[in-house]
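Those protein sequence lines, which keep their order, are chains A and B.
Residue numbering for the first sequence follows numbering that gives the first Met the number 0, beginning at 0 and increasing consecutively.
Residue numbering for the second sequence follows numbering that gives the first Met the number 0, beginning at 0 and increasing consecutively.
Just so you know, the hints here were simulated from the structure itself, not pulled from any lab data.
Any given hint could be a false lead.
As the list claims (entries may be wrong) - Using 27 Å as the maximum straight-line C-alpha spacing, the simulated BS3-like pairs for lysine-lysine come out as follows:
| no. | chain 1 | residue 1 | chain 2 | residue 2 |
| --- | --- | --- | --- | --- |
| 1 | A | K78 | A | K48 |
| 2 | B | K182 | B | K214 |
| 3 | B | K123 | B | K182 |
| 4 | B | K50 | B | K76 |
| 5 | A | K302 | B | K50 |
| 6 | A | K143 | A | K48 |
| 7 | A | K48 | A | K113 |
| 8 | B | K130 | B | K182 |
| 9 | A | K143 | A | K94 |
| 10 | B | K94 | A | K221 |
| 11 | A | K48 | A | K94 |
| 12 | A | K113 | A | K143 |
| 13 | B | K109 | B | K123 |
| 14 | B | K53 | A | K221 |
| 15 | B | K221 | A | K221 |
| 16 | B | K50 | B | K214 |
| 17 | A | K221 | B | K76 |
| 18 | A | K302 | B | K94 |
| 19 | A | K113 | A | K78 |
| 20 | A | K302 | B | K221 |
| 21 | A | K139 | A | K48 |
| 22 | B | K109 | B | K94 |
| 23 | A | K302 | B | K76 |
| 24 | A | K302 | B | K53 |
| 25 | B | K76 | B | K53 |
| 26 | B | K221 | B | K109 |
| 27 | A | K113 | A | K94 |
| 28 | B | K76 | B | K182 |
| 29 | B | K109 | B | K130 |
| 30 | B | K109 | A | K221 |
Read off the chains here:
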Amino acid sequence: MRLLFILGEIGSGLRRNLSMVISVVLVTFVSLTFVGAAGMLQMQINQMKGFWYDKVQVAVFLCNDGSTAVGCASGSATKEQQANLQAMLESPAVKPYINDFQFESQAEAYKHFKEQFSNSPIVDSVSEDQLPASFRINMKNPEKYEIISETFSSQPGVETVSDQRQVLERIFSWMNGASVAAIGVAAVMIFCAVLLITTTIRLSAFSRRRETGIMRLVGASKMVIQLPFILEGVIAAVVGALLASVTLWLMAHFWLNGDLSRQFLNTPFISSTQVLVIAPVLVALGAGLAGISSLLTLRRYLKV
Amino acid sequence: MIRFENVTKVYEQNARPALDSVSLEINRGEFTFLVGASGSGKSTFLRLILKEDKASSGSVYVAGQNVANISSWRVPKLRRGIGVVFQDFRLLPQKNVFANVAFAMQVIGKSRSIIRETVPEVLKTVGLEGKERRMPHELSGGEQQRVAIARAVVNRPGILLADEPTGNLDPITSMGIMGVLDKINQNGTTVVMATHDDDIVNEMRRRVVELKNGKVIRDEAKALYTSMIPVVGESRRLRDASGEELNRAQGAQL
Chain A
0 MRLLFILGEI GSGLRRNLSM VISVVLVTFV SLTFVGAAGM LQMQINQMKG FWYDKVQVAV
60 FLCNDGSTAV GCASGSATKE QQANLQAMLE SPAVKPYIND FQFESQAEAY KHFKEQFSNS
120 PIVDSVSEDQ LPASFRINMK NPEKYEIISE TFSSQPGVET VSDQRQVLER IFSWMNGASV
180 AAIGVAAVMI FCAVLLITTT IRLSAFSRRR ETGIMRLVGA SKMVIQLPFI LEGVIAAVVG
240 ALLASVTLWL MAHFWLNGDL SRQFLNTPFI SSTQVLVIAP VLVALGAGLA GISSLLTLRR
300 YLKV
Chain B
0 MIRFENVTKV YEQNARPALD SVSLEINRGE FTFLVGASGS GKSTFLRLIL KEDKASSGSV
60 YVAGQNVANI SSWRVPKLRR GIGVVFQDFR LLPQKNVFAN VAFAMQVIGK SRSIIRETVP
120 EVLKTVGLEG KERRMPHELS GGEQQRVAIA RAVVNRPGIL LADEPTGNLD PITSMGIMGV
180 LDKINQNGTT VVMATHDDDI VNEMRRRVVE LKNGKVIRDE AKALYTSMIP VVGESRRLRD
240 ASGEELNRAQ GAQL
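Chain B extracted, bound-state conformation:
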């Protein structure tokens, strides 16, 4: 579903590549966690899938298509096949729950009758039945994130990207959100979730891809947030070491 072939991304102002020859394949229907410290390249990874950024070298394939070959006027079509959820929900504050979800269908020209039929269904999937008329500020953080998820999946994308969706939520609410994402994944949607939340990763036991300084340093199925297996090569020890050691290592790199 998603394939990275030796992908490197260099932002001009930054000498160190945000992604450093990453090769990775995520299959259809898989649930993958993307873990790693801030600045390890998780967000860049997601942005490349959306064609928000262009890879400096290497190829990114989404649903069998090399995104570099997608012309700019066909990018919207690519994005219709990908749902995205963020840490800060990004709901429209002046629209109610129903309108927020319907918005995603309106802008791609879905008919009113289809919208009226689909939106309540999706709201039911994410557990927001009966809250169609609520405004975003009347909802809890977890509920707001559920609205955001509903909006991301209402057009039935094959892929759902989640960029730290539980970053603003307490552990119990987070587990609720994970339940929703799991349900969506069970319905056949490929889910890629970037996260810092070790509890969630450990609880879910799904594939874990760990990035560090733009490189994949671990890719394990049914894994934990921190690996049980010692990693060859690249300073596994530093990552697990005390904060002091970590800082020294980063300082040495600058």
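Excised from the complex, chain A in its bound form:
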């Protein structure tokens, strides 16, 4: 009976304050979408880190015909130079730092290049001998990149030593920046949402002061009086959180796993099911914020 009664009260409260409730829903929707987007960016960064850090390590590029580096004065790297480098990689001075290494010939490099840019016309303008052969080194500790760089960059036949991780780091730092920006926007929006929820609950409490006054006099418990108001705010916020979750899922499903993954075949994107991990967090966040702000508002504006 009491449950039915509380539900009825919630219903009438939501109806009476419909425009305010809708604005609470929309503001929480937008703010939590930003929170979720920041979360998705972080997940994407982790996904790419996991994927690339295993594969991409330090590459020692050998000279080819067109190289202009100091070590390439004698033209394309010779078989001896290549064997020499391989011996150095296996030497006790370097070996402790690396897990393993692979040699990628010009032919293999060309094959990978073609795979990577299969959709792009650039493939047609690149020939096999334009691409450098390389040693692909898998480091035990990627931070020790300097050691490899110092050892190999001055060797004859080496054009350059590149830490491909650095390229990724730049992408990641850009993505981190974007997620910080998203959190910033989210923080402002959440602040708005809290203020709006507070105002809504205040209005709601004011428009129903007759009922609550009578409830108080006939000895209704604090819970029966306050719960409808709190749930009103929580329901509006949860609806907003659900809308945000659906939006993020649609984004992951149709944009990340649709258009973007067709454009960037080699980039692992987070799947739309992974986004579902974010949804409960958003719902809990929305409900928590609404619950706490309505509780604090009621403490001030609804005497029990």
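With chain A fixed as given, assemble chain B onto it according to the hints.
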């Protein structure tokens, strides 16, 4: 049932206490009128019983319990034992008569079957049989007050507080309301009624407690609105004197 022991209530913004060391006992089943000018402390007296306000000093006992010792989460339980009626009825305009009375039972979690059984009974007691489906605006003032009384007593409280329940009603309707309150009192409910209505007090001949400036200046059984007995001490003469004298006395106090 209700006992005040040296109760003083001072509202911060007001230097003069609203109640000034009031000691008083109202027994179970008694019908008591609380009379006195506006600002004499009648409403404060009622608010202290409900624990709407806290006494500045002294103790208020309701049903044997010192209300100061009732924790805030148990205050609703105290209030379930007390019905309250106001001058302005305070009905819910969008609910019909039945729903208005049922509301008081719903919010404390009474089951639907008990509500369906009890509400018509109570409406019969207050003389509103057959008007369950009427909306408040379709009722006369007297009928609205009867609904308010029904709502106040539907949970069978031991005490009924009435704050000028006839203040908005004409004399004949007022007498009808008094009949209802009397009936409730005869059923064993302690009734405390604050009023300005001398006709009613004189007609009913019940206990009269008179307050003035927060002090009890008269407490008589089966009394009239104005006393027949000259009161000792505190300016009885001023109260009965012409308005001019009264104003001068109040001015002197400010």
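The hints, checked one at a time:
1. Taking the CA atoms of K78/A and K48/A, the gap is about 35 Å. The hint is violated against a cut of 27 Å.
2. As the CA atoms of K182/B and K214/B are separated by approximately 30 Å, the hinted pair breaks the 27 Å bound.
3. Of the pairs offered as hints, the one joining K123/B and K182/B holds, with about 12 Å between alpha carbons and a cut-off of 27 Å not exceeded.
4. For the suggested pair K50/B and K76/B, the alpha carbons sit about 11 Å apart, so the restraint of at most 27 Å is met.
5. Taking the CA atoms of K302/A and K50/B, the gap is about 12 Å. The hint holds against a cut of 27 Å.
6. Using a Cα cut-off of 27 Å, the hinted pair K143/A and K48/A holds, with the two alpha carbons roughly 17 Å apart.
7. Distance hint between K48/A and K113/A is fulfilled; the C-alpha atoms sit about 24 Å from each other, no more than 27 Å.
8. The suggested pairing of K130/B with K182/B holds, with an alpha-carbon distance near 20 Å, which does not exceed 27 Å.
9. A hinted pair counts as satisfied when its Cα atoms are at most 27 Å apart, and K143/A with K94/A qualifies at roughly 12 Å.
10. Taken as a hint, the K94/B and K221/A pair is honoured in the structure, with Cα atoms around 22 Å apart against an allowance of 27 Å.
11. Of the pairs offered as hints, the one joining K48/A and K94/A holds, with about 24 Å between alpha carbons and a cut-off of 27 Å not exceeded.
12. At roughly 31 Å between alpha-carbon atoms, K113/A and K143/A are farther apart than 27 Å, so this suggested pair is violated.
13. A hinted pair counts as satisfied when its Cα atoms are at most 27 Å apart, and K109/B with K123/B qualifies at roughly 20 Å.
14. Taking the CA atoms of K53/B and K221/A, the gap is about 19 Å. The hint holds against a cut of 27 Å.
15. A threshold of 27 Å between alpha carbons decides the hint, and for K221/B with K221/A the separation of about 40 Å lies outside it, so the pair is violated.
16. Pair hint K50/B plus K214/B holds up; C-alpha atoms about 20 Å apart against a cutoff of 27 Å.
17. For the hint linking K221/A to K76/B, the alpha-carbon distance of about 11 Å falls within 27 Å, and the restraint holds.
18. Restraint check: the Cα-Cα separation between K302/A and K94/B comes to about 23 Å, which is no more than 27 Å; the hinted pair holds.
19. As the CA atoms of K113/A and K78/A are separated by approximately 25 Å, the hinted pair is consistent with the 27 Å bound.
20. Taken as a hint, the K302/A and K221/B pair is broken in the structure, with Cα atoms around 38 Å apart against an allowance of 27 Å.
21. With a C-alpha separation of about 16 Å, the suggested pairing of K139/A with K48/A holds against the 27 Å cut-off.
22. Taken as a hint, the K109/B and K94/B pair is honoured in the structure, with Cα atoms around 18 Å apart against an allowance of 27 Å.
23. This hinted pair checks out: K302/A and K76/B have alpha carbons roughly 16 Å apart, not beyond 27 Å.
24. At roughly 14 Å between alpha-carbon atoms, K302/A and K53/B fall within 27 Å of each other, so this suggested pair holds.
25. Among the hinted pairs, K76/B with K53/B is consistent with the structure: their alpha-carbon atoms are about 17 Å apart, no more than 27 Å.
26. For a cut-off of 27 Å, the pair hint linking K221/B to K109/B is broken: about 38 Å separates their Cα positions.
27. Taking the CA atoms of K113/A and K94/A, the gap is near 32 Å; set against the 27 Å cutoff, the hint is violated.
28. For the given pair, K76/B sits about 25 Å from K182/B by alpha-carbon distance, which is consistent with the 27 Å threshold.
29. Proposed proximity of K109/B and K130/B is supported: the alpha carbons are some 22 Å apart, at most 27 Å.
30. Of the supplied pair hints, the one linking K109/B and K221/A holds, its CA atoms being roughly 16 Å apart against a limit of 27 Å.
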